[in-house]
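Work out the full structure: start from the sequences and follow the hints.
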Amino acid sequence: MQSTSHAFKDNATRALGDAQLQKAMENVRGGFIEKRLNVVEKLPEFETLRDQARDIKNHTLAHLDLYLERWEAKVTERGGKVHWCTDAAAARDAVLEICRAAGAKTVTKGKSMVAEEIALNQHLEANGVTPVETDLGEYIIQLRDEPPSHIIAPAVHLTKEQVEADFREAHNHLPKDRSLSEPVELVSEARQVLRQRYLEADVGITGANFLVAETGSSIIVTNEGNGDLTQMLPRVHIVVTSLEKVVPTLEDVSTILRVLARSATGQEFSAYTTFSTGPKRPEDLDGPDEYHVVLLDNGRSAMLGGDFQDMLRCIRCGACMNHCPVYHAVGGHAYGWVYPGPMGAVLTPSLIGVAEAGQLPNASTFCGRCESVCPMRIPLPKMMRHWREREFERHLSPASVRMGLGAWAFFAQRPRLYGLFSGLAARALARLGGRKGRLSKLPLASGWTKYREMPAPEGKTFQQLWAERQRKGTGS
Amino acid sequence: MSDTPRKPRVGLFVTCLVDLFRPSVGFAAVKLLEDAGCAVEVPAAQTCCGQPAYNSGDRADTKTIAAQVIRAFAGFDYVVAPSGSCAAMIHAHYPRLFEGEPDMAKQAEDLAGRTHELVSFLTDVLGVTGVAAKLEGSYTYHDSCSGLREMKVKAQPRALLNSVARLERREMPESEVCCGFGGTFCVKYPDISNAMVERKAANIEGSGADLLLAGDLGCLLNMAGKLKRRGAATKARHVAEVLAGMTDTPAIGEPKG
Ligand code: SF4
Chain X
1 MQSTSHAFKD NATRALGDAQ LQKAMENVRG GFIEKRLNVV EKLPEFETLR DQARDIKNHT
61 LAHLDLYLER WEAKVTERGG KVHWCTDAAA ARDAVLEICR AAGAKTVTKG KSMVAEEIAL
121 NQHLEANGVT PVETDLGEYI IQLRDEPPSH IIAPAVHLTK EQVEADFREA HNHLPKDRSL
181 SEPVELVSEA RQVLRQRYLE ADVGITGANF LVAETGSSII VTNEGNGDLT QMLPRVHIVV
241 TSLEKVVPTL EDVSTILRVL ARSATGQEFS AYTTFSTGPK RPEDLDGPDE YHVVLLDNGR
301 SAMLGGDFQD MLRCIRCGAC MNHCPVYHAV GGHAYGWVYP GPMGAVLTPS LIGVAEAGQL
361 PNASTFCGRC ESVCPMRIPL PKMMRHWRER EFERHLSPAS VRMGLGAWAF FAQRPRLYGL
421 FSGLAARALA RLGGRKGRLS KLPLASGWTK YREMPAPEGK TFQQLWAERQ RKGTGS
Chain H
1 MSDTPRKPRV GLFVTCLVDL FRPSVGFAAV KLLEDAGCAV EVPAAQTCCG QPAYNSGDRA
61 DTKTIAAQVI RAFAGFDYVV APSGSCAAMI HAHYPRLFEG EPDMAKQAED LAGRTHELVS
121 FLTDVLGVTG VAAKLEGSYT YHDSCSGLRE MKVKAQPRAL LNSVARLERR EMPESEVCCG
181 FGGTFCVKYP DISNAMVERK AANIEGSGAD LLLAGDLGCL LNMAGKLKRR GAATKARHVA
241 EVLAGMTDTP AIGEPKG
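Those sequence lines, one after another, are chains X and H.
Residue 476, in my numbering, is where the first sequence stops; the numbers in between run on with no holes.
Residue 257, in my numbering, is where the second sequence stops; the numbers in between run on with no holes.
Treat the hints loosely; a few may be bogus.
To be verified - Pair ranges (Cβ atoms, derived):
1) Ser301(X) - Gly130(H): 55 to 63 Å
2) Ala39(H) - Asp65(X): 56 to 64 Å
3) Asn38(X) - Arg6(H): 44 to 52 Å
Claimed, not checked - Using 27 Å as the maximum straight-line C-alpha spacing, the simulated BS3-like pairs for lysine-lysine come out as follows:
4) Lys382(X) - Lys63(H)
5) Lys450(X) - Lys9(X)
6) Lys382(X) - Lys154(H)
Just so you know, these hints were derived from the structure itself, not from any lab.
Note that beta-carbon positions come from the ideal geometry of N, C-alpha and C, so glycine has one too.
Here you go:
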């Protein structure tokens, strides 16, 4: 996917002026947060489970090579094939090659963020293979030719009315007077349209929430059941995923699953948790003849052992963005690449470079709400700060910021000078504020005064007044 | 309160914003601490906790400033700041700055252990359960982010405000959501910051309270500035002013006299 992360600021400003988007984002604020809270409050051991989930992933990442090898051996043993891909291009080609070998004209797809990351749909289309998204949200954005705006709710930036209009345009073979005002009507119409496509598809592509080293299984967690049809009906099943998804055992996966749905949608468990282990065996009634896993690295292994390793614990639950006031304000598209919100602000610079995506870790107030809900206890603000440090070291931060900061730091390290200067500033600003006690315009602070008043200082600094009090001997 | 004859020696970390914009918050803090039996001193060699540098990725300057704070506040029993954000900087972040420098790290740890946010210090350390103040009206409370999430300040200010005679609490929705200040964030991303504070101000006004209270002056300047621009009648004050009964000064951004 082509990144516009460098233009985050402009993207954000546009998003703030988009009335439809602003209306749609109310759903994020309203729904996810309360549901998560309700379900978390009902599980006293939730915080302990978070610790356990974190520890499982930390352990796995510390021995990632070992678990990946073990996992691959199991996949092979079960008759599947693993395709190791260092970058997006390699992964795209691997998928295309499998499709070609299968003589595929259409492929059905379940939700996969890694497929977005490698821009799979565009590649397949360009090479004569038609991808059909089967997840409702993905289906909607495919109709609109848009990227997802959320990692678990790809079309969350749209209102119901927009989706209705899209369906009426795309499904023009259906009666014009049909009712589509209720979400369930939209869902059933999409189901109806997609049903035929499942049967036509030669290849089914899904993502994976987890890979289990112990058994060689891949796991998808969904609510629509579309993923199951996608991977069961076609002759060939391709799992497109990335290498940090591996966990050692089924036991480990059950622990992490207990925090996943709760954090993501506020459910105790998602409607479908589906395990795939190799192709169909002779005694199986159904399943694919071929089972492939296209395993992407794309910069992840380089994160091991560094400042950003913790990010590899991410299970893509979306809780961080669901709780992020910046994400709420601007929506997912403003972030300009596949992964939005706080997790994107940390991950995107790792994957596509801080020169391109350096805005993202800066666009945070460090309010810490993301970290407080992240089931994997990923210190997101701390890692955003690490990115800012990299930018500062590499002189990527804007010159005006560096100069302002430099001047401030000079005074801040010289308390006497600082006191003199702040005393002057307090007096000058208080005078400018006059009787009103506030300023409506202030040169050099237009970013502030464009939108709000600047309360004026009281006139003297605390240090000046304290010194006066000490001199008068009124101190206790 | 402890029975030791010696009063606890408290170093007041004024914070740069209180120093420059609103000394009355500092004096309110001094009064609250003295009323609770502390001997308060204000080291002159303090400027700022270093967050502007820290959050801009300038680690070298942050460390120099942190070292200065560590020196200035050596020897106090406690260090108290009328700000959850600055207290959290010293309490939670200073020790991290000196990884690999055992001597400085030890001093940073030591300071971190002694450093508290004002209101939670009064309640959790000194055991204060009420104040003598009185104020006619109603307030709504904004839970500033660092105080809430890093210093666990939430119930303490409400508990003490509960003891202020004639003052009624009116909670607003989303009181735990960031106001959009974020230090340099509000000038680096003015449009996003504005969207956040606009929503916050609407929630504040919606509560119907006369007074907005919070424990961090940065957030208060942001929210008060927005309320004023919107022409709202809601006044804004630091929680310490109300607890200390020092509400005869104009509220934040209000006309003098
Ligand atoms: S960073 Fe944490 S909260 Fe965000 S998607 Fe990943 S696991 Fe979920």
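**Report entry** Non-conforming hints, listed in increasing numerical order
**Finding:** The structure breaks none of the hints.
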